[in-house]
Amino acid sequence: MDYAKLWFVLWAVLWTAYFALDGFDLGVGFSGWLAAGNDEERGKVFSSIGPFWDGNEVWLITAGGATFAAFPPVYAALFSWLYVPLLLLLLSLIARGVAVEFRGKASSPAWKTFWERTGAVSSLLAALLLGVAFGNIFRGLEIGPGGYAGTFIGLLNPYALLCGLLFCAFFFFHGQLWLSFKIEGPAAARAAGLAGAAWYPLAALLLGFAAYSWAATGLSGNFYARGYLLALPLLSGAALAAAKVLLARGLPVGAFLASGAAIVFFSLSGFAGIYPALLPSRLDPAFSLTVYDSASSPYTLRLMAWVVALALPVVIACQLWVHRLFKTPLQPGELKKSGMY
Amino acid sequence: MDTLALSRLQFAVTAMFHFLFVPLTLGLGWLTAWFETRYAFTGDEGYLKMARFWGKLFLINFALGVVTGITLEFQIGMNWAEYSRYVGDIFGAPLAIEATVAFFMESVFIGVWIFGWDRLSKKAHAGAMWIVAFATNMSALWILLANGWMQRPVGYVLRNGRAEMVDFWALVTNPYGWLEFFHTVFAGWVIAGFFVMGVSAWHLLRRNQEDLFKKSFGAGAVFALASSLLVAGVGDLSGVNTARNQPAKFAAMESVWETRTAAPMALLTVPRLSGEGNAVEAIKIPYLLSLLAFHDPHAEVKGLNDVAPQDRPPVLPVFLSFRAMVGLGMLFILLSGLGVIVWRKDLFARYPLFLKIMFFAIPLPYVAIQLGWLVTELGRQPWAVYGLMRTADAVSKTVTPGQVWLSLGGFVLFYTALGAVDVWLLAKYARKGMEA
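Line by line, the protein sequences give chains A and B. Just so we're aligned, residue 90 is where the first sequence starts under our numbering, counting upward by one. Just so we're aligned, residue 8 is where the second sequence starts under our numbering, counting upward by one.
With the rest of the complex left out, here is chain A (with noise of 0.2 Å):
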């Protein structure tokens, strides 16, 4: 078996997993005070994602981690060639975690909203920056002879800005429907209809993300050489839509999972575009950190895929226990004895 290529596989699901998983996280994070009419109401907000929110960052530790152990050319070129932007990530990341923590033992109202204003300020530059950052990896980095020949302004680019307002697009859809059912009262309606309005824009920008792709980065070859990866960004879009229907019809589980599954299947169909290539070089392909070149040793990497295989079904299945037991909004005698609201 080619380890290098399993890796890349592991390494775009669990970078994958990240997004879907924490996008709700982020997206209840910035856009959840707008469904939410007063104090109380603001708190049940925030303590929708107190169970859930730590477990989910977790992928992200394991994607990054995973990224250095498989591939760790590439994660030091990552990190260091993107050193603002992942240090501005990382302030978001950290300001975020704190926020959800401490708003709910904040002794004054003025401290409850400095912790609410921290929380979805970060939230909403780490889903901007995560998305701003994968938008340039598809689209491929200025990487040349001597490495990273860009610049931070250049990482700015019309095509990475719109990767970044895509991701807030899909996190705030995804976070709105989270608190349709995750919360109750008039607050839950509220964001069901925000969910509903926010799907307009929402489907236009990634069928934008989906034209600019095709034309102008070289996302759009291996579709031709490998017609059947089409069903990719076909099923995000089929996704996308689905989750329409169910948020119509009253089913905002469903249309949860369905925009979960769009976000999945956006986020692969990215990675399968620039298979072979880990950071493609829009250069010269010759300069890209690749899986043949940037991979770990068979001996890693067959270890590593042993440990993932043994702990990543535990870790699903205790994540998937975690959401059968909170499936019901927290009451609130719950968020009282929590202390965290």
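Hints were generated in silico from the structure; no laboratory data involved. Incorrect hints may appear among the rest.
What the hints assert, rightly or not - Some residues of chain A that are not near chain B, with every Cβ distance over 10 Å (derived):
1. 93
2. 312
3. 396
Claimed, not checked - Covered stretches of chain A (chain B as the covering partner; in silico rule of three or more C-beta atoms under 8 Å from a C-beta of chain B):
4. 134-140
5. 169-177
6. 379-391
7. 411-417
Ideal placement from N, C-alpha and C gives every residue a C-beta, glycine not left out.
Since the structure of chain A is already known, use the hints to place chain B on it.
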């Protein structure tokens, strides 16, 4: 300052800040789980109040430990790209395993514990905290196996211009990593024991909920005494291990310059500021240094004169940190031993001064653990991976000093604010006492 110096400073700042929060969680999780289990099995509501009180302080602390840990992972790629390229094949594995098998468990079950009071049976809820406590300590194991590999690289070959893993078992059974693991987690347990004793002492001085705080104090004292004895025991083994594997570090810890057999130890040693030799060496105890270094009074102890100057760690900070850490460690045994006596004989009311001392002793184990890390990491210099890769060769080549100034400034500002808020919250909830 250049990128190297700034990146080293940044790593020190962010790692030390991270390690202000992690060690308390390593021990406080066990204590919280213990209290809640007693409640689950006896139905004694007092233990429930204790579990909820100490659990809340655990959580405030846990949040910062988690978020500041991401910085360390990212930073290795951001600032130490050459290191990541050269050793990622072997060093990346324990980090990825830590995330997949340990960090995930604590993150999932901490949420279950916080919100699951009404959704799980009493025993299952206590079980969630046992899992969290176990997982935080497992996290430490994998991280310290990674660090242990930097101290004593094993299980690799140099191939394709990098260090490639050939023996995972050697990495997992590296005694250096295991000694670091036990020394570090036991030290974390000492912090937790002193934290519980100190906060309880504050309340006992004010006669708040005396019954519950006496019980808490007792648990903290027993835990701290056992842990500080274990830290000292593992510390002794670590000394032998260091003398064997990193003679330059050991020589710096003791400021030994002349290589000799049957080496005595000078209780009063003052290294020269110039970094060459000692200004004072007095009160020599024969054979003691050889005995400490190799558990053999006649063994040869290597001196720094036989280490090339470019391969020597900075002697003065390593030496001073080591002495201070050991001194503090002895003090912890004494204080926690007294704590056990005061608790067993219920002498709290007779010795208010002791309670005051225990309150003001809360920061001391923190100081000791930071000093310990200074010994370990400064003592490893000039190597990033001992004998294999120099720190100067590990730093990112494309990162500019301006970028690191930006990130370092950002971290310092951000972390100062976070630290202030966290300490303020800890103090607020600690003062509040248990639920009535």
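Against the structure, the hints:
Every Cβ of chain B is farther than 10 Å from the Cβ of residue 93/A; the closest lies at roughly 13 Å, confirming the non-interface assignment. Distance check for residue 312/A against chain B: the nearest CB is about 30 Å away, which clears 10 Å, and the non-interface claim stands. Not every CB of chain B is more than 10 Å from the CB of residue 396/A (nearest about 6 Å), against its label as outside the interface. Proximity of the stretch 134-140 of chain A to chain B, defined as three or more residues with a beta carbon under 8 Å from a beta carbon of that chain, is established by the 3 residues found.
Closer than 8 Å: that is the beta-carbon criterion, and the stretch 169-177 of chain A has 6 residues meeting it against chain B, so the requirement of 3 holds. A count of 4 residues in the stretch 379-391 of chain A with a Cβ less than 8 Å from any Cβ of chain B is obtained; the coverage claim is therefore met, three being the minimum. Residues of the stretch 411-417 of chain A with a Cβ under 8 Å from some Cβ of chain B number 3, which satisfies the need for three, so the listed coverage holds.
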